[in-house]
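In this note's numbering, the protein residues as written are 1 to 101.
A couple of the hints might just be wrong.
[What the hints assert, rightly or not] Estimated spans, in silico, between C-beta atoms of each pair:
no.: 1; residue 1: N80; residue 2: N101; range: 16 to 26 angstroms
no.: 2; residue 1: K73; residue 2: N41; range: 13 to 23 angstroms
no.: 3; residue 1: G82; residue 2: E3; range: 29 to 39 angstroms
Keep in mind that the hints were calculated from the coordinates and are not lab data. All values reported here derive from a predicted model rather than from experimental measurement. Idealized CB from N, CA, C, for every residue including glycine.
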Amino acid sequence: MTEFEKNVFNLVKKIPKGKVATYQILAKKLGNIKLARAVGNALPKNSHFIIIPCHRVVKTSGKVGNYVLGVAKKIKLLHNEGIRIKRGKIADLAKCLYYFN
DNA sequence: ATTATGACCGAAG
DNA sequence: GCTTCGGCCATAA
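Please model the complete structure; the sequences and the hints are all you need to start from.
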């Protein structure tokens, strides 16, 4: 597991239930906003070994994005946490975003 | 060292 | 809204 991946997961596991973060926000937190793509690249790698709320990471546009177990599963999990989703997008992204105090 | 790939993003049509 | 394209970066081969 690379250092970069560790950093990504350490951030993701901080996201509280009922909240979400975007790939871009995580990227910025890691030092460079352009890391967004690399972040999405790292998530699927260790999901089999480490328990982390990968489903709480969505796109900046508000669309849920992809998920190891399938988008349907991702939406289901988010919905269980009280997050409203409409046609594959977060109903009110601004209210759900977690900014890493 | 070089190339290709992907859970991304923004601009443009 | 949607699609297409170019640009990003870490990784794997």
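N80 and N101, beta-carbon distance inside 16 to 26 angstroms?
Distance hint for N80, N101 holds at roughly 24 angstroms.
Mind checking the hinted window 29 to 39 angstroms against the Cβ distance between G82 and E3?
Distance hint for G82, E3 holds at roughly 34 angstroms.
Return holds or violated for the Cβ distance of K73 and N41 against the range 13 to 23 angstroms.
holds, 20 angstroms
Of the numbered hints given earlier, the model fails none.
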